[in-house]
Amino acid sequence: MSVWVAEEVMRLALRLCSRRSSWTQSRFLTTVPVQHTSCPSLLSHIWATRQSRPSQVSLVKFYSQDNIQSKEKEVLSIPLIDSAIPAETSSENIHRADYFSDKVKKCASPSDVLDLTCQYACTVRQISNCLTHMWSTTKKMSDEQRTYEMQLMFEHPGFELLLQSATKNVVHMRSEDVAYALLSIINLGVPQRSRVVQTLLRTSQEKLNEFDEKSLSILASCLEHMESSPNASAKLPRIKKVLSLQTMMRMLGKDAPLDLKKKLEKKALSMTDQFTLPNTQYMITTMATMGFYSKPLMDVCTKKITENLNGIPFGRLLSVLHSCKELRYRDLNLLTCISDYVTSTLDIWTNKQVHLFLSVFESLNFCPGALMEAYAKRVISFPDVLTLKDLLCVLRVYSSLNYDLQHHKEQFLDSLCQVLDSYLPKISAFNLLKSVYSLCLLGHFPSAPLEQLLQSSSIEQFQSEQVFRTVDLCLRLDRPPLPCPLTVPPSVLGDPTPTLATNPWFSQSLQSVVRDQADAVLQEMQLCVLTLRWSDKAFSLSSRTAVICAPLSGFCYGTSNPRGPLAVKIRHLKILGYNPILVTERELESVSEEERTEILRGRIFPEHHRPDTQRETDQS
3 MSVWVAEEVM RLALRLCSRR SSWTQSRFLT TVPVQHTSCP SLLSHIWATR
53 QSRPSQVSLV KFYSQDNIQS KEKEVLSIPL IDSAIPAETS SENIHRADYF
103 SDKVKKCASP SDVLDLTCQY ACTVRQISNC LTHMWSTTKK MSDEQRTYEM
153 QLMFEHPGFE LLLQSATKNV VHMRSEDVAY ALLSIINLGV PQRSRVVQTL
203 LRTSQEKLNE FDEKSLSILA SCLEHMESSP NASAKLPRIK KVLSLQTMMR
253 MLGKDAPLDL KKKLEKKALS MTDQFTLPNT QYMITTMATM GFYSKPLMDV
303 CTKKITENLN GIPFGRLLSV LHSCKELRYR DLNLLTCISD YVTSTLDIWT
353 NKQVHLFLSV FESLNFCPGA LMEAYAKRVI SFPDVLTLKD LLCVLRVYSS
403 LNYDLQHHKE QFLDSLCQVL DSYLPKISAF NLLKSVYSLC LLGHFPSAPL
453 EQLLQSSSIE QFQSEQVFRT VDLCLRLDRP PLPCPLTVPP SVLGDPTPTL
503 ATNPWFSQSL QSVVRDQADA VLQEMQLCVL TLRWSDKAFS LSSRTAVICA
553 PLSGFCYGTS NPRGPLAVKI RHLKILGYNP ILVTERELES VSEEERTEIL
603 RGRIFPEHHR PDTQRETDQS
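The number in this note's numbering is simply the position in the sequence shown, starting from 1, with 2 added.
Keep in mind the hints are simulated off the structure, nothing from the lab.
Certain hints may be false.
[Said to hold, decoys possible] Here are the simulated distance ranges between beta carbons: (1) Pro-485 / Glu-591: 46 to 56 Å; (2) Pro-553 / Ser-458: 42 to 52 Å; (3) Asp-275 / Ile-577: 51 to 61 Å; (4) Thr-352 / Asn-312: 39 to 49 Å; (5) Pro-239 / Ser-509: 53 to 63 Å; (6) Gln-413 / Met-273: 51 to 61 Å; (7) Lys-391 / Pro-491: 53 to 63 Å; (8) Phe-316 / Pro-427: 46 to 56 Å; (9) Gln-510 / Gln-413: 21 to 31 Å; (10) Asn-310 / Asn-505: 40 to 50 Å.
Note that this is a predicted model, so its numbers are computed, not measured.
The beta-carbon is built from N, C-alpha and C at its ideal position, and this holds for glycine as well.
Start from the sequences and build out the full structure, keeping to the hints where you can.
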């Protein structure tokens, strides 16, 4: 008899002679401390209790019992029904399997399931079902009951045998059963570095390209709660299908560690030559789901999308734009191409679809000029088809993006006001406020909506002081010709005291600009607006200049066109006699103080600030 067989016989004999089952010394669970479990404090307590007991047998891992011809083997092993037997010759086995499955469903605790596994034969698939049901029963228990039942499970002689059977027969399991078995074992508290877990991980790695979306999602749930291990981290190189990679990325989600997201990015970039058109769309939405921005991946995907816009359905195209917003990714070529495509095919899109496009463009601060021009003509021709929701959307987008319709502007705004008048009897006060605010930004002041809004007793309930202040300024400075004077109640305007919010470095740079100008006076105003008064005695001229330092969000993306609120400020400064000069925070923040001063000097005094090369040319 070999040393191995002798040791195995000794181990079995000790078990039978032991007063208390030595299965509490579970060999499958002694490789590492308990980690990553739904009840860590409970399992740590169980583990400490088991470790404190004297060892009665040597620790042997996964020894085969196939060569032991003894009665003890029949008691301690779990026989398997041969799943390879054809259905027509194994009707008795099928009947027994169904009977066993019904019995498992009635079990109310992990120990009940383990009792069954010691009494009845299991098929390969039923191993996974048993583990899943064991985990499922613990989820419905109270903390105290779970503590007790989990201790019974770890001490049950059938638990280690069930894990041993899972390890031996994992190669015969379906991908879904492998994934469920792994998830259940981890959630039951089996140490991650134990051989049973690592064997299941290695097998799932080998079968990864056979996994369907459901199996991949289950596997991703396992990996999300596991620390890095060779078998877990080795899965990415084995992935050969783009869809499989994307499914895993989505299932890992935003909580995945950054280093894992970087590995996924690297894997995705290595597979870009396999990307189909649907793959590119799905990759962008997948990155949004993960909350992970990869510019190289986005550039690859958007390039393919812009080249194949005709083959993308409305829903997917809209999802791509929403994902770009969520990822804070804006590509001028992509946005322009989509806008031009929608404009050229405007007749196939419903009003609702156009509004959804306009709305997402507006959220990206992108002004689709051609589309807005074309859609304005549709509104002028068919204003009555607009619902109240449509009207609010159109007003918000056109006022926010401040697109100049030029000679179509008045006709377009009159059409919108005609629709708004038809909804006045049933519009809510808040929606009316939003409509009037948008029209004020556009420089249009219909009397009926203004009267209904300002004479309403419910406007004081709205916490919209900035909106009311804008309407008030428009009424005071634009001075629209209304049938009767209208004013905004002071009670809704909030604190009338202006707050100075000028950037210190911006103010300092302007002071440097005017320091050498004897006739210039610098005066700080509200919201990064600095006014400059200066005169030229030689020509008896005086001028007032307002220098506005605005963030990039104040402009339409990729242009110098100011958006609604900034455009209103410029309009009002002109009414007050100022010459507005716009500079962006980014262009001033990215340069030194000396360069910043030179940029501002060139904008404010262009005729006195010319490049040296030009001066030399003039002198020659």
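So, going through the hints one by one against the coordinates:
1. The supplied range of 46 to 56 Å is met by Pro-485 and Glu-591, whose beta-carbon atoms lie about 48 Å from each other.
2. The supplied range of 42 to 52 Å is broken by Pro-553 and Ser-458, whose beta-carbon atoms lie about 34 Å from each other.
3. A C-beta distance of roughly 59 Å is found between Asp-275 and Ile-577, which places it inside the suggested range of 51 to 61 Å.
4. Range check, Thr-352 to Asn-312: Cβ separation about 18 Å, and the 39 to 49 Å hint is violated.
5. Distance hint check: the CB atoms of Pro-239 and Ser-509 are about 56 Å apart, consistent with the given range 53 to 63 Å.
6. Checking the proposed 51 to 61 Å range against Gln-413 and Met-273 shows it holds: the Cβ atoms sit about 52 Å from each other.
7. At about 28 Å, the beta-carbon gap between Lys-391 and Pro-491 misses the expected band of 53 to 63 Å.
8. Judged by the Cβ atoms, the range 46 to 56 Å given for Phe-316 and Pro-427 is violated: they are separated by roughly 34 Å.
9. Judged by the Cβ atoms, the range 21 to 31 Å given for Gln-510 and Gln-413 is violated: they are separated by roughly 48 Å.
10. Checked against the hint of 40 to 50 Å, the C-beta distance between Asn-310 and Asn-505 comes to roughly 45 Å, which is consistent with it.
Checked against the numbered hints given earlier, the structure breaks hints 2, 4, 7, 8 and 9 and satisfies all the rest.
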